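Chemist: Spelled out from the first residue to the last, the chains are:
2 protein chains.
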Amino acid sequence: MADKYDLLLLLERPYEPVFMERGRKTIFDVPEKFLTERYRMVGNELLERFGQEAGRRISVTDITLPDLHIPMQLPRKAQFTLCIPAHRFMARRLIDIFMAVNTIDELQSVAAYAHDRVNPYLFNYALSVAVLHREDTKGVGLLSFVQSFPNKFIDRQVFRHLREECTIVPEGSRMPIVIPRDYTASELEPEHRLWYFREDFGVNLYHWQRYLVYPLEATERRVVFKERRGELFYYMYEQILARYNVERFCNKLPRVEPLNNLREFIKEGYFPKMEWPPRFDNTKLSDVKRYQDQLILDIGCLQRWMDLIYKAISEGSVIDESVNRIPLDIEVLGNIIESSEASPHRNLYGELHNMGNLFIAYAHDPEHRHLETFGVIGDLSTAMRDPAFYRWHANLQNIFQAYKTRLPPYTTKELHYEGVSLTGVEVAVEDSKTPNVLKTHWQVSDIDLSPGLDFAPRGNIFARFTHLQHTPFTYTINVNNESETQRFGLVRIFLGPKADERGQDIDLKEQRLLMIELDKFAVSLQPGENVIRRRSNESSLTLPIEQTFRERDTKPDSTQKSEYNVCACGWPHHMLIPKGLPDGLRCELFVIISNYDKDGDCNDSAAHCNLREQLFPDNRALGFPFDRLTRLGVEHLRDFLTPNMSLIEVIVQHEDRTDHCC
Amino acid sequence: MADKYDLLLLLERPYEPVFMERGRKTIFDVPEKFLTERYRMVGNELLERFGQEAGRRISVTDITLPDLHIPMQLPRKAQFTLCIPAHRFMARRLIDIFMAVNTIDELQSVAAYAHDRVNPYLFNYALSVAVLHREDTKGVGLLSFVQSFPNKFIDRQVFRHLREECTIVPEGSRMPIVIPRDYTASELEPEHRLWYFREDFGVNLYHWQRYLVYPLEATERRVVFKERRGELFYYMYEQILARYNVERFCNKLPRVEPLNNLREFIKEGYFPKMEWPPRFDNTKLSDVKRYQDQLILDIGCLQRWMDLIYKAISEGSVIDESVNRIPLDIEVLGNIIESSEASPHRNLYGELHNMGNLFIAYAHDPEHRHLETFGVIGDLSTAMRDPAFYRWHANLQNIFQAYKTRLPPYTTKELHYEGVSLTGVEVAVEDSKTPNVLKTHWQVSDIDLSPGLDFAPRGNIFARFTHLQHTPFTYTINVNNESETQRFGLVRIFLGPKADERGQDIDLKEQRLLMIELDKFAVSLQPGENVIRRRSNESSLTLPIEQTFRERDTKPDSTQKSEYNVCACGWPHHMLIPKGLPDGLRCELFVIISNYDKDGDCNDSAAHCNLREQLFPDNRALGFPFDRLTRLGVEHLRDFLTPNMSLIEVIVQHEDRTDHCC
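Residue numbers (this note's numbering), protein chains in the order written: chain A, 281 to 942; chain B, 281 to 942.
None of these hints come from the bench; they were simulated from the model.
Incorrect hints may appear among the rest.
Remember, identical chains collapse to one label, so a pair may be satisfied in a single copy or spanning two.
What the hints assert, rightly or not - Result set (EDC-like, lysine to aspartate or glutamate): computed pairs, CA atoms no more than 20 Å apart in a straight line:
1) Lys569 x Glu467
2) Lys313 x Glu325
3) Lys357 x Glu444
4) Lys357 x Asp462
5) Lys547 x Asp567
6) Lys778 x Glu868
7) Lys357 x Glu555
8) Lys313 x Asp342
9) Lys564 x Glu544
10) Lys778 x Glu706
11) Lys778 x Glu333
12) Lys693 x Glu826
13) Lys532 x Glu467
14) Lys284 x Glu301
Owing to the predicted nature of the structure, the values given are computational and were not obtained by experimental measurement.
Only chain A is shown next, with the shape it has when bound in the complex:
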């Protein structure tokens, strides 16, 4: 019987035919009819040659061949993206095929057969969605997407070095190939100061993971229609923008300007140094007419969708496909803007998120005159590299805020946790005597890219890349339980800047949009004084770096967690804290403890995704208590506090040194 973990081998070396060695000298023994026409001609010879060195052979069962004509419409060498409806349609068909088979055995066969026929990126996407959503593949996790498709993460130039090293040097003696620290632009380009954020592996993986866990379309309803999907969409980007804007302050840049005028020149160019085309400085959007993608859309259309959504916000309701009026809430609004099949009326409200990306992604060749593919912002696994991504999302965020600011402010009663008060908060960095100073620096880490190096010699080959890191720290929180019984609390910790881009103290009205959620966890409170210590790396919202770039061939150790954390969609832990400034970025650290019974059950990373229909961890709005405007009279964060909250000043210091990981 097939081993479910072997499915991961099909995600390696995406362009290599399925019969070639995978993993550690493993061969998929496929029926000859699985070979494509080119290889059937030389089939026996090949199977013998590649079989010879195999240490392990996986026997692939013959099956009734699936009908792949729809997913095969996308050429193998084309770029695939979820933003294009026609591509999603093909992906949906393949997901359906992978979801519908009854056993791992059959799944292995169908996948092995599809592997050489379908566009490799489309294949990876559909198989990943199936592995994450099928009952019988629970716990399998995924090969890191950086390892399958390093071309979506790494400077094109590096590949020649990787090939050179693994062609010439035998595995034991290979040295990691260094990816330059920042290679996409020079210091003349102010936007480039954010390279470590926009081009971070973890940040881009985080974004891509959302779309694996929340597919936009699938026939099996539970795959798409998930609890709080729309709100999570809103909050994910709200937090990304908050982080991005704070990082901009760390780099002497103002907050990002929303791209709300679709007729203006986009001044920020971006040259990804990858196989995707660049966008020059000062490029204008144009109507998109790409027949090949079945994409005929003018800018006016995008504008009309925006207008209709603003109108719906004013009216407090939307119209669904049956022309019923349904009340607008954050869930509905998120689903409309995203927009997935969960949107109540995709035809009317359109696809603001996806199409906005595409309009920017096609600015260089809107009519397909030059046979160009989309720029990086058109692919959800590379979109966050582009400065224009943040400008477009700042515009979408304005729409969400138009809704949020209409909600009544939380009352002190809603905010307070009766009988529980916070009496002190401190953060302390490891090995430091100065409290409330957080520290960041550079770190280099290595990642094995062998699984993504098609048609290259076997064996590990590491790339060495630089990313932001912070010194681990610990929160110490003093809580007084004024009652006489044990109680439970949900602690939320936020960090936000104390000053704006001009250096002036910031109003809470603006600051609330810059508050970064660092952690959220449940505590039990004994009567009287409680001292809660929580380490930064325990954050339920983040994913450790090892999980982002983990070794392949690791199955969960049965002595540890019984199932690997397959959800794997936390924010990259090494990006938990903004970079700060050499002489310190002044911030405010805010802690609130609220009633745990009310807030529900808490799960790892669950503020970011909710894969397997677990109960949602938090009954309150995501972003609580900063998701709404604050009550009258509250101008600054200090005025906002109820006794279950606390606020301290924190400095984030960046030291320009580079450590080696682990």
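Take the given structure of chain A and dock chain B to it, following the hints.
Modeler: Showing chain B alone in chain A's frame:
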């Protein structure tokens, strides 16, 4: 002792270290100190491993290591171009080193040592120039540049297929990888109709060859200062433009618009589908400030050079570096515009040709903000792919014509060949009964790209590409020698369109700029009637396709020509005839026979280059008799004729079928 032909092996697999297998299982046995630092660490192991399979070992003599610090200033992964003065300076140093060593043995050692240290493209250029110019490497020829650097000729996408084929399929069973017929743009883009011209291998090789044969800088004077270098520069581009414009008529496009307004948007975008950046439609030129390349130049400067050159033309003289006035002729003007060390005053008249290319090549990133390299037009081996190349050269051609139109028209006496008259001309295509109809079609040819596939498995791997071709034809020319002794004549044959882009009969004033020179050859004339038959493929101005893409490891066969035709700088023969139209392009074929004694000695391809200081073949101006305005009263070509000329109408028919080569 080293074999001079082995030098060609150093032009293969440019990024692979020198100790790896080259050619057919050949290994250069280099002293260990030749290895770069990375490989010295694992040196013995490597040398042993790669040595094992060698069928032949070339022993490389140890030498006093040359000082390479200047050529090593260009990073190995950077792009190299002759247009950038700083790059030329590095190339000059390396050429000097390769020219200065005394023996082939030493040259082999110096080149083997430089191979892994110097930018591979710079290395190829400098070694090629040395091989073409040293006395002891006469007859070696060069590996086709397409084979060394296929990335400069082929769609990026094709490389994955090439790698796949040669990784999986053993050498005997490999199939050619098809390069799509036209892949850089769609039919929406009118300029794309010219793909077969602009992206032709032979056309681009022809252009690159000029700069190998006529280096812009070198310490050894004879390498740069060659007879009629400046005039050849003018005439090469004059003919390229004539051909390009006629091809435009074949595609219902008007003649190319000169780019004489440097402040306007360039409407023609170009996406090369290579590793060079694209230019979007409607991109503007900007001042160039690239400190890394030591290139700080504003558009005003380019404009001033143009103005000064126009002024010099008006005055009929230029100023040299010693502030002497020297008369302006086509030679001086060509050298000024090109401009090489042969320019009389580079500082004053600048570098119009190179810098024009660079301004266009840097339009997407003029200040190096985005760390981008130049576009294809910045590299003389890829420049002809870009539609803007022709617009810039149309502007340069206007300058040349400003000079040429000031010269007195040829008198009938100068044109005539007393006592010799042309009594009939006919062209006949093979196997056709209709005279004076030329035929073109598509052809596919295969080329082995293995020598350019770094870090890929060994053995031939062919790419199959499509190019224009014509059916061979024969000229029959009747000449009457009215004298009673044998005389000699030089025959020139031109082809030009009969109508302009509006379909109206064209004035000779315009037509002369569209006359394509097809052949030039000497004949002996017996008294009385002579019938001259000349086959199209005998043209002295073209190079057969086999020579453009010839097999490697071919040494000249001693039973044939004693020396291989190393000059190899003719126009690609398969592009001899413009494409024509399905229902025929109306043309005029013009033949002139002139006094051979007066015209000098004739050599193959010598209208295109003159490598080894042979006597120049033709004492008349290049382009004669169409290089000047015509005498008063001549409006059409038919009015221009003297008895030693003849004119017939010819139709060029294109059939949309594809033949296989050879």
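Chemist: State for each hint whether it applies.
Modeler: For each hint, the structure was consulted:
{"no.": "1", "hint": "Lys569 x Glu467", "in the structure": "between (36 Å within a copy, 14 Å between copies)"}
{"no.": "2", "hint": "Lys313 x Glu325", "in the structure": "within (15 Å within a copy, 42 Å between copies)"}
{"no.": "3", "hint": "Lys357 x Glu444", "in the structure": "between (24 Å within a copy, 13 Å between copies)"}
{"no.": "4", "hint": "Lys357 x Asp462", "in the structure": "between (28 Å within a copy, 16 Å between copies)"}
{"no.": "5", "hint": "Lys547 x Asp567", "in the structure": "both (18 Å within a copy, 18 Å between copies)"}
{"no.": "6", "hint": "Lys778 x Glu868", "in the structure": "within (6 Å within a copy, 81 Å between copies)"}
{"no.": "7", "hint": "Lys357 x Glu555", "in the structure": "both (12 Å within a copy, 17 Å between copies)"}
{"no.": "8", "hint": "Lys313 x Asp342", "in the structure": "within (9 Å within a copy, 56 Å between copies)"}
{"no.": "9", "hint": "Lys564 x Glu544", "in the structure": "both (6 Å within a copy, 17 Å between copies)"}
{"no.": "10", "hint": "Lys778 x Glu706", "in the structure": "within (17 Å within a copy, 89 Å between copies)"}
{"no.": "11", "hint": "Lys778 x Glu333", "in the structure": "neither (62 Å within a copy, 68 Å between copies)"}
{"no.": "12", "hint": "Lys693 x Glu826", "in the structure": "neither (42 Å within a copy, 88 Å between copies)"}
{"no.": "13", "hint": "Lys532 x Glu467", "in the structure": "within (13 Å within a copy, 47 Å between copies)"}
{"no.": "14", "hint": "Lys284 x Glu301", "in the structure": "within (18 Å within a copy, 42 Å between copies)"}
Hint compliance for this structure: hints 11 and 12 are not met, and every other hint is.
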